[in-house]
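Chemist: If you want the building blocks of each chain, they are given just below.
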Amino acid sequence: MTTDDDITPTDPPAALRALEDVVAPDRLRLAVAERAADARREQRRERRLRTRLGGVLVVACGVAVMLVVLGLLAGAILDDEPAAPSVRAVAPVALRAPTAPAPAARPGGELLAAQAGPIAFPTWTRAGWQAVGARRDTIGGHDVRTVFYGDGAGGRIGYAIADARLPVAGGELVTRRGARLRVLARGATAIVTWRRAGRTCILAGRGVPVERLLRLASYAA
Amino acid sequence: MARLDPQALVTHLDRLYRVAWALCGSREEAEDLVQETAARVLAKPRRLHGQDELAYLVRALRNTFLLSRRTRSRRPREVATLEQVEPVERRGRGQPEAALEARELLAAIAALPEDFRHALVAVDVAGLSYREAAELLDTREATIASRVYRGRERVVAALGSGDGHDGVGEASAPARSLR
Chain A
0 MTTDDDITPT DPPAALRALE DVVAPDRLRL AVAERAADAR REQRRERRLR
50 TRLGGVLVVA CGVAVMLVVL GLLAGAILDD EPAAPSVRAV APVALRAPTA
100 PAPAARPGGE LLAAQAGPIA FPTWTRAGWQ AVGARRDTIG GHDVRTVFYG
150 DGAGGRIGYA IADARLPVAG GELVTRRGAR LRVLARGATA IVTWRRAGRT
200 CILAGRGVPV ERLLRLASYA A
Chain B
0 MARLDPQALV THLDRLYRVA WALCGSREEA EDLVQETAAR VLAKPRRLHG
50 QDELAYLVRA LRNTFLLSRR TRSRRPREVA TLEQVEPVER RGRGQPEAAL
100 EARELLAAIA ALPEDFRHAL VAVDVAGLSY REAAELLDTR EATIASRVYR
150 GRERVVAALG SGDGHDGVGE ASAPARSLR
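Top to bottom, those sequences are chains A and B. Here numbering that gives the first Met the number 0 is used: position 189 in the first sequence is 188, and no number is missing along the way. Here numbering that gives the first Met the number 0 is used: position 77 in the second sequence is 76, and no number is missing along the way.
Treat the hints as calculated values from the structure; they're not laboratory data. Backbone N, C-alpha and C define an ideal beta-carbon position, used for all residues, glycine too. One or more hints might be untrue.
Using C-beta positions, here's what the derived DEER-type ranges look like [what the hints assert, rightly or not]:
| hint | chain 1 | residue 1 | chain 2 | residue 2 | range |
| --- | --- | --- | --- | --- | --- |
| 1 | A | Leu72 | B | Ala42 | 50 to 56 Å |
| 2 | A | Pro24 | B | Glu152 | 27 to 33 Å |
| 3 | A | Pro11 | B | Thr70 | 29 to 35 Å |
Please work from the sequences and hints to get the whole structure.
Modeler: Here it is in structure tokens:
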């Protein structure tokens, strides 16, 4: 008994070749040809429509991209606000020479008659410091007020307050008396910074141990 | 992915017509089947999915045939008489012997058991390869080869005996003879 897999392909018998001469009647040929022609026309119409739609989409995308670019350019042109200077860029102000006399102490002896926004400068008298001068600068469009202090033994520090939260990176984060402070430099020049009331405070000094700055900063922060 | 060119129906029309006739066993039904297939295929753009145009069209025609047969089985069947049947349209017109030969041949194929008929129609009438026929009928190439071989045997035997049946093996398909 043979199975389905036993037989290999062979040529058709001669009798089947008679089929090759059988052709579709003309009426069927005509009907199918008409249907095919209609379908081709419809396909061409749809293709044209898709092409047009694609063109419209390309133009729309182009316009959108142009608008975005123009918007960015306009933003860049109209934005006359300079980029905020970093704390490191402002800190040297606290090491410069004063340009104004030291502000007087307010009644009570704890605060000076000088302030930056809501923050009043301290006298730090009880910590052994005395206000010796002041200055006011504008750096990168920001108002920076500084009061300088001396310890009577040659040590001098500057306490600068900028009117914005200036960007700062690096340094060492430390906590003193619950205040979060950042030491940007220690050694011959020490710089400590912190933020308060939306402003940036910088305390800097030459030849002053950073721990002294940290202690003062913890009072002011 | 390639789309079916509507013109392919016209290009392969003769072959599709022969396939339809071999499946239906009647010229009138074959015409209807081809028309219906054309209408279904051309109703919307078709993708070939890597298939050959002819293989795609034969599949469409076979599917339409199976669908129409299922629908028809629910209705009373009309049997064509010899008087209703027009002569076979051939290129070599004026050869009644050849027309009769082709008609007998198609009737013999239509009378084959279904598996043999579909395999023989796919390979010998439609001209598909064994691989294409196997894909069309969802079976193995070896099975197609076997069915084609046996189908041919039966067709040759039927033509030789002149009664459309070989009288051996499995029962024939439901009578659709044109006689």
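Chemist: Each hint should be assessed against the structure and marked as holding or not.
Modeler: Structure-based check of each hint:
1. A:Leu72 to B:Ala42: 50 to 56 Å: Holds, since A:Leu72 and B:Ala42 (Cβ atoms, about 52 Å apart) stay within the stated range.
2. A:Pro24 to B:Glu152: 27 to 33 Å: holds, 31 Å
3. A:Pro11 to B:Thr70: 29 to 35 Å: holds, 32 Å
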